[in-house]
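Colleague: Since each chain comes alone in its own frame, lean on the hints to assemble the complex.
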Amino acid sequence: MTAEDLLTRTLLDVVETTDYPTTSTADVVTRSRTIRRRHRRTTLLVAAAAVLVLGGVSAAVVLDHHGSANLGPSSKPDPAAKLPDIPLGAAPKVGILSGDVYLTPQGERITSPAFRHAAAAAPTTGGVLVVSQSNWRHPRNDVSLVSDGATTPLGCGLPGFAIGPGDPVYWLFDNGCAGQGGGHLVEAGRNVAVHQGAPFPVATLDSGVVVNGPAWLPDPQKHRGSVRTLGRAAALVIAPDGTARRIPHLATAQTATRAGDLVAGLNQIDTSAVVVDASTGAVRWRAVAWTLSHFSASGKYVSGTQSVGPQTSPGVGDVVGVFDSASGRLVRSVVLPDMVVKSQAVWEGDDAVLVVAQDAAHQESILRIGVDGSVTRATKVLPPTQVRQYGFRLAATP
Amino acid sequence: MRMQSTHPTGGAVATPTGPSHDPGDGQDFESWLAARAGSLQRTAHLLTGDVHSGQDLLQTTLAKLFRGWDRIRRVDNVDAYARKALVNEYRSSWRRPVRRLEQVVETVPDRPAPESPAYDDTREAVWRFVCSLPPRQRTVVVLRFYEQLTEGEIADVMGISVGTVKSQSSRAIASLRALLPDHPEITAAREAGAPTRDTQEEDR
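Chains S and Y, in that order, are what the protein sequence lines are.
Residues 1 to 398 in the numbering used here are what the first sequence lists, from first letter to last.
Residues 1 to 204 in the numbering used here are what the second sequence lists, from first letter to last.
Chain Y extracted, bound-state conformation (with noise of 0.2 Å):
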């Protein structure tokens, strides 16, 4: 392997200082990312699948939302608007060519060695069947059951109508039902009638 070191005779300028502007107070971008891109990466990991796909992602948002930030600050719920900035860039990228040449691996990278056998079966198993959903389910699954959204907020994240969210999350929990089908804890609480998470908030 070669490594290119170069004895560059350019690379830095001297130059003079110029005018500054004030847009005004507001908050300040560094201490918003500062609080936020944890929770704003740990989201794009679970769209992408992939930690170094979900940092892409992270970053090009984020940069998107550095540029527009003397707007952006203003808004009422920047935490909510940067959430919608990823969902859509996110939506973005898989609508790119390019993107839909990647294939979906059958093993995921960089797993910790199992404590418990028995669950790290089942949430190995869960994960893979997460990040095999279409790009679209399974934005709808991070965002209902991780981000714990309400159908409405995520049909006005995604820009789609409530029944879409409802009929993309409801073929997911099938196809993960179908997909375990014995597995002991879903087997149990479906013999107890327990209620889904949908059947809850109809209750409400």
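Next up, chain S with everything else stripped away, as it sits in the complex (with noise of 0.2 Å):
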């Protein structure tokens, strides 16, 4: 072996035994959005700055009169929050992944290799669905049903569920794992529609399930027709007939619930936030600077995040939030300082939510967060050592 050889294995190495956080296109967003923001700061204290200089006013004067004059107590960071100082509290109700194990709210552990790579799990008819992210090479999302200790794989989908009160929803490809071309919505493994393109699920409706579709799909009620989609990626509604129906002004969608027919996700003219009709796309409101993640089990409430990204100010972190789902009103908004919250915020019920956040120290634990603004932990605090091979996921939506 050379030394070539060797770097090669090695770098293999690293990426195949590291476990990665999952990229959605609402982080992609929020981070877009954040850019954004400092560029106008940036170019708003170029530009004030400009003013002083050409006022003559020297910016040191100002700051030496007015700086430190501002630097009052409520200015001093919070102690750094660790997760071992919450408070434990009662084991998850909904499924979690740590490493090979899928932990159900019974607290019964499921294991199978499938559920260390996986991009999400959840009970179906005969067992364990769970989608596998894997091969570095050529990416690719292995379906399988994990039952009574075997896993079954059934194909290559997409890496997501649409949960609903059924079984859950997912995509197979029709020719393997080439992933191109079409393939089939299946439900507890019979298919409930079908499609060109690869429309990823996100969740159910009573008039059937909610996608995020590709630039155009195919209506097979119209010879000639098809529903075609604005701008870079449309929402839809795939009725069990096959026959796709657009969800007006929303680009992405998010979540979904029965109760009120409502759909959160983003906006097609300026990605933010937003929930809709879902048979008339009116916009019902807006959540200005979130990530809107799913809603409570009654539709409620709908739970959100506000991520800030790496922190470098003690005291500053990612913020969960709960708002009212038919009046966009904010209920309860919890900042969670120094922490990064690493996935989608989960309701149990319509009490509390669920997330996985991890401290400065780089160790994690799962949060809950109830409405009423208690903060506790469900497992146990995972030291940076075993984040990478033990690290925890909510199960259905990671």
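Some hints here could point you the wrong way.
Partial list, derived from the structure: chain S residues whose beta carbon lies under 8 Å from chain Y [said to hold, decoys possible]:
#	residue
1	V15
2	T23
3	D27
4	V28
5	I35
6	F200
7	A361
Quick caveat, the hints were computed from the structure, so don't treat them as lab data.
Quick caveat: nothing in here was measured; it's all calculated off a predicted structure.
All residues carry an ideal CB built from backbone N, CA and C; glycine is no exception.
Modeller: Following this line, the structure appears as structure tokens:
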């Protein structure tokens, strides 16, 4: 083996043995907004500096007189927050993943290699449905059924499920793992709709499956017609007969609820988070600077997060919020100082959401944030050395 | 520790809908992201030497791609474009003064328990060596030995000459050989006169 081969083997080994966080479109949009805001702020600062210089006013003098005077007690940062300091509460009431293990809400541990790189896992008829991301060189998403200790491959699909009252709905490509051509939306082993492209299943409504679609989808009801989407992407509802209907004004759907027939996602025009009426696309309300995650069990609330990115100032941290689904009123927001939220905010009924959080020491745990503002831990704290191998993921929507 | 909990009165406002635009059909960002984010994430990890910094680099790159997606989706090879953008973003980051203050740590965090002690010792040594390389040399090493790009392709991605790619690559290899002079496999290959990847290319 040459030194070159040793380098190649090592680099491959490093990436193969690392669990990577999922990067969603919502993350990208949030970062895009942050960059835009930073550019604007820089432009304003430069403009302000230019005005100061032109006006013959020394910025140093301004700072001398006003800068230090503003530093009162409120500007003193909180002490660094650590996960072990948060009290331990009840175990999660939703399925979670850690390493090769899927832990059911009832506390049953199911082990399968498919869970190690799972993008999503959810109970289905006859076992646990899991989609694993594998093969770094030609990325693919293997859908499998884990049942009675055996893992049965079902095919290649997309890294997510539509979760509703029934079995999870997932996408399977017809031609195996090449990832091209047509495929089916599948529920409990039977095809529920056929389509070209690869619509990404998000949620289920009474009228069909909510998906994030490609640029266009053929409409089987119209020989020459198609559902033509606007912009980069579009949210659609695919009915059981295969008819695809676009949800107007929505670029990307994130979640949906049958209560009130509402869909949350990103607005087509400015990519802000919105909640719309699923049938008309009418925007009910808008959550500026938030990423919406999921509706609560009854549909009364919708959860959301605000990511501040890599934290450089003590006391700053990601934010978890709870909105009233009907009005958009922010019922609760909780700042997690010095912490990064690594997952979506997933509901336990209507009372609390769970998030995977990491503190400044790179320790990791699942936190429960109540609608009443309480914060407890739902799991033990993983030390940094175990995060890569046993890091927590919320199973259905990591 | 104190969590900051608030009962805000605002934060969400009802808004009317507005007009839409239709820039035309093309490759959908979300589908492309689902297929390629993992691959880019791995490259970003190797470039930065750290999963979280890699994620930060990836998100910044993707955010910029997202903003220009209407134009980018029409280029011939979107994946190559994205890789070039990732490398450029990484180059920009190491040029920022604040980044220069960052120190490469002695130990690599989040290591798995070794299954094969002999191999893992070597792996850790090599990975630490890669992390300790200067940014430009590390970029060449990752593109050459992980992405398996040719010297010409690396020169194109990094905007440098092929000669610079060769010199950076050979310096890294020489340093690695010096770091592991007694590594049994490298020694055996050297004694057997095994061709290096550079000489193999020259032969072709």
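Colleague: Hint validation: V15 of chain S versus chain Y, beta carbon distance must be below 8 Å. Holds or violated?
Modeller: holds, 4 Å
Colleague: Holds or violated: D27 of chain S as interface residue toward chain Y, Cβ cutoff 8 Å?
Modeller: holds, 6 Å
Colleague: Tell me if the interface restraint on F200 of chain S is satisfied: Cβ within less than 8 Å of some Cβ in chain Y.
Modeller: F200 of chain S check passes; min Cβ-Cβ to chain Y is 6 Å, inside 8 Å.
Colleague: Taking the least C-beta to C-beta distance, is A361 of chain S closer than 8 Å to chain Y?
Modeller: violated, 10 Å
Colleague: Does I35 of chain S pass the interface check with chain Y, least Cβ-Cβ distance below 8 Å?
Modeller: holds, 6 Å
Colleague: Let's test the interface hint: is any C-beta of chain Y closer than 8 Å to that of T23 of chain S?
Modeller: holds, 5 Å
Colleague: So, V28 of chain S near chain Y? Judge it on the closest CB pair being under 8 Å.
Modeller: holds, 4 Å
Figure legend: structure checked against the earlier numbered hints; the only hint not met is number 7.
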